[in-house]
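Student: The primary structure of each chain is shown beneath.
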Amino acid sequence: MNHLDPNRHVRGESQYLDDVPVQQGTLYAAVFESPLAHGVLRSLDFSAALMAPGVARILTAADIPGHNQIGGIVADEPLLAEGHVHFRGQPVALVLARTEAQAHAALKLIKVEIDPLPIITDPRVAAAQGELIVPPRTFKIGDSQAAWAECAHVFEGVAESGGQEHLYIETQGAYAFPTEMGGVRMISSTQGPTAVQRHTAHVLGLGMHQVEVDVTRLGGGFGGKEDQATPWGALAALGAFITKKPVKLVLDRMADMRMTGKRHPYSSDFKIGLGADLKIVAYEVTFFQNAGAAADLSPAVMERTLFHATNAYFVPNVTATAFSCRTNLPPNTAFRGFGGPQGMFVIESAIAKAAEELGVPTFEIQRKNLLREGDLFSYRQAAEMCHAEQAWDTAATEFNLAGIKAEVAQFNQANKLKKKGFAVMPICFGISFTKTPMNQTRALVHIYSDGSVGISTGAVEMGQGVNTKIAQVAARTLGISISRIKIETTNTTRVANTSPSAASATADLNGKATEMACTALRERLLAHASTEYTLNYEGLEIHDEQVLAAGVPAETNWEKLVSSAFWKRVALTENAHYATPDLHFDATVNQGHPFAYHVYGTALTTVTVDCLRGTYTVDALRIAHDFGQSLNPVIDQGQIEGGAVQGIGWMTMEEIAYNAEGRLLSNSLNSYKIPDIYAAPAVLDVHFLDTPGHPRAILRSKAVGEPPLMYGIGTYFALRDAVRAFQGHTALPFSAPMTPEKVLVSLYPEFAYESSQSLREGTTKQSVL
Amino acid sequence: MIEFYLNDQPIRTTEAPASALLDFVRYHEQLKGTKIGCREGDCGACTVLVGELAADGLTVNYQSMTSCLTPLGNCAGKHVVTVEGINAAGSQLTPVQKAIVDEGGSQCGFCTVGFVMSLTGHSLSTQPATAKSTIAAIDGNICRCTGYKSLERAAAKLTAELADRPTENALAWLSEKQFVPGYFAEIPTKLAKLRPDEAKATAASSAAPAASATAHANGGSTIATSPNGHAQSQNDHGHLGTTSPFTHALLGGGTDLLVQRLEELREQPGVRLIFDQPGRRGIRHETTGRVVLGAATTASQLLESDLMRGLLPNLPQYLKLVSSTPIRNMGTVAGNFINGSPIGDLTIMFLALGASITLLDAAGNTRELALPDLYLGYKKLAKAADEQVVEISFPAPLAGDFFHFEKVSKRTHLDIASVNSAAWLRVENGVISEARVSAGGVGPVPLLLACTSAFLVSRELSAETVNAANAVMQEEISPISDVRGTADYKRLLLRQLLWAHFLQFAPELAVDELI
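Heads up: the protein sequence lines correspond to chains A and B, in order.
Each residue of the first sequence is one higher than the one before, starting from 129 at the first, in my numbering.
Each residue of the second sequence is one higher than the one before, starting from -14 at the first, in my numbering.
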């Protein structure tokens, strides 16, 4: 069973935001953004811009009829700057013109006066100055302070991981239409239709019922359109509301890259203590998260970093503290993994540090410390149905870990200018929104009188195949062909108060609600069949569209049954509400049971480094992954492959660079590179672990969206391994991404020293953590 | 008036010749299957096919191009194919589309049509389909969802299907197998009717230089189209764009200018299109021993040239590092030179080859200029505004000469170099008799490293010579730190690339002495 949408995708018939036919009278919007990263907004001069051809109106904060506020977790983010600007690229004004080109041309005619204020781009500097988004949080179990004494080995260090541009190929945008009721209807490229609706209503001073948001599909999201689709939706809506004309706002690529936040860069301090048996006794870590200029989702991302600070390992004494630091960069936001990868990178660095210092293979320490059934995480949830060791051991056997190790050693013995490296990367990722109330949704299922079925849920299709999975759940539950089922657009008037499509939980939540609605409809139809055809209700089922009574075909099938039910006035619509049971978490003590379940897996990565040029290839990524009982192996394998390659990108070539003025240097696709087809690993094997799945997972098919990204972390450590094979003495910092530059400089540390004395230029690269 | 075929429809349009084909297709013709991803040729979401009638008038050669950078005027007389033009009747899928669906090669779908078009173009190619060539056909398409493995599987499936494609009358077979609809068979006849007669062609070519007589004396007008590098790094030396007036601009393949100046050019009257100008293509070996290229020779044409491959056997390996298939189909050699990027890949190669350019001015006078002399400073050229490059020439390397090109970028393919370098050496009895080493990304202009090259002459081909040459080279360069690397890194990297050249020339050099 394949993903349903691609039949339209390959023919170019799938409609994305910019493909919606334009209504007559549409005005095009362009955003005037702050040219400085921090300052006092003194004046705006629109005189020339307003005279420019086609310009209809220029809107500022003063034009907002409701509240100039779109902060989701913390109310600290104006839709349009007012008084101060806090990052370069912050929206200041909205130009509305008759054509897109005219709107963009007018931007250049706007004059702004800003008194500059000091700019912070480094999270540690922000923390030192008390610039925090929210108070720091600490997750604690055992007593790490007291435990150091019992450790045979203690190591400390610093680990840094960079940001990551989402690079959804479809940029952000929205198209808003005024309604006759005085509200706004809009099409938005968002993962969170309700977020767009709620904030737009707030901005316009309307009830949420006056704002309708409709989403057909996204050309990629990856977290970048979870909260950050909101400004563009709200701005388009503001334009439509004020001018009473349709307003379309689509960011061009460079504007999208400049104005939107990315994965959070982290700088972290770690301290790890091991017993003589290499068991991890204690782990302390302090995370400095670069949040950017406003909270956005940063507090939640920071929380997930803490949840995943020990990855797939059991550590009895943990103290993990995180600071969400306010800097003058665009607000960083959700990105596949949501802070989890950043936390895992640090403990993997700590383990690698210990292994390198002790001269033992890293994988020995990793394997010894994997989670076992019943082990407690620092937040006191126990690992249940734990597959950490199974995943590791299966990967080691299936993919011949010992053989890989020997092959790498042999290759490195025989080659001077090329070195291979390898690493094992186990993962453990918790599934659920960690904010418990978000784990709810609804499904609205209509059976039409001809037997066809329309389903609306809160799920947004963005390539992850959730619509296909929901259709499969419905087809399986109702016992009918999937061809009878249509998944409707995601629309706030059909399904209200939804959570965003995020946290890998979309198929679970919306699939469960769909299952509930379909089960209720099926039982109602079967009850009707039992009276109508005088059949024993016990043993009645629908299979392949045929009604079976105790396994024997009855004289009715799906179409007839539905038609007969309709004429007997049986309700053919059902609305089901699903809320994940048993979740609780007390954020005052950071303890509870926040996750429905965990997903496990292990990846083996091998790389080859060209030690002459500092370039490298990822030769093989071999993964054993816990899918549970996969509902759709084609889709699920696609999620693993795509997520893993995205993770490799984060660890290798994807380098976000801002200068000290907070200007994005990696501001286009020619200066920010994501993996191309040649950068994908030559071998990418995915082994489906034999695991039972979890009852909280939809039809026991476990969530698969985010976990695979973290397999990419293995690439960093494999590269490090190869570099050390060439240049064993180099004191390599733990710093991702491992660009060809970092590799080459690590291979030849003496060169930088030589040239820096006499030849160094005045400038240095300013890459911001 | 620009006339061409878009799918099965004839087009006659008065839209600006310098406007982007992408905008025409999407917003003029409302064909929304072609997507906008980056508008700089780096993602491939807007890939279309552009077919040109072969000299025989019977066949059409299709190439993939990124429509965001294709000047509409360059479509004149050609067949432009979007996904709507290959969708078979009804809801059937073409074999390309089916392979992608079956292998799960489409997730969010936004990049998918680009892959479909690139692979369809590959199906229409006259070259045999191999595992490598099918992947190469999609080397300009970026996908953020799939991690490419499913697309590789789809490509493999397609390669297998194309094994049965006959060399004769391939189009009929492709049509029967529903790779393309039946109307493709009529396209050659239709395009032949659009061909300007001789008279019209002559008038057009002589009108162009005449029209430029009013052009400004300094720098305003540029040919710029390069297969590897728009808006490049080392460009932190200054800003793109010049403030001088910009009349009667020359537009080649568009791969640089449509990134940098689309809005400006679209509004400008009298833009001269030179991509299809008669006499600007072709590669010939003259009896003088020089190789002469038409200025509008594309990187793909370099690659397809038996002559070039004969002289530089590793050319395919080098050009694989230069941009991507669709951009190589559009970007021209002269455009790469005139763009003046300090890191143009072709410029660096031709500097080491000892190339010169022939410039033609408005009055019809020509002059020859050694390529290194073209570069006065960052994006400053020793070329009058009314001058255009018409030819490029270089002395053909002799058998036994060494030539090598190296490039390192953050991403190996489809990226702008951090540093690139080429070297040509003639060695007699173990002694270097002549040398040219060039390097990009280490100064405000693409550099022929004259001191380093001179230093090498009369020295033994040894590790000692290479290390001493590096010391000279380090004094000759002035890299700056930017998004493509720190100055220190670029220095180190260039040393490594110098070593790489010599290890390529003389593998017997003791690695331990070098490193």
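Think of the hints as simulated: they come from the structure by calculation, not from any bench.
Since we're looking at a predicted model, the values are computed, not measured.
Hints are not guaranteed to be accurate.
Restricting the straight-line Cα-Cα distance to at most 25 Å, the calculated cross-link-like pairs of lysine-lysine (PhoX-like) are [said to hold, decoys possible]: (1) B:K365 with B:K142; (2) B:K83 with A:K546; (3) B:K305 with A:K546; (4) A:K373 with A:K236; (5) B:K175 with B:K83; (6) A:K614 with B:K83; (7) A:K563 with A:K546; (8) A:K546 with A:K481; (9) B:K117 with B:K142.
Student: Evaluate each hint against the coordinates.
Tutor: Taking the hints in turn, this is what the structure says about them:
1. B:K365 with B:K142: Cα-Cα ~49 Å, so violated.
2. B:K83 with A:K546: violated, 40 Å
3. B:K305 with A:K546: holds, 21 Å
4. A:K373 with A:K236: holds, 24 Å
5. B:K175 with B:K83: Between K175 (chain B) and K83 (chain B) the Cα gap is close to 30 Å, so the pair fails against 25 Å, i.e. violated.
6. A:K614 with B:K83: holds, 22 Å
7. A:K563 with A:K546: The given pair, whose Cα atoms are some 48 Å apart, is violated under the 25 Å limit.
8. A:K546 with A:K481: It holds: about 24 Å lies between the C-alpha atoms, which stays within 25 Å.
9. B:K117 with B:K142: Since the Cα atoms of K117 (chain B) and K142 (chain B) sit roughly 13 Å apart, the hinted pair holds (cutoff 25 Å).
In this structure, the hints that do not hold are numbers 1, 2, 5, 7, in rising order.
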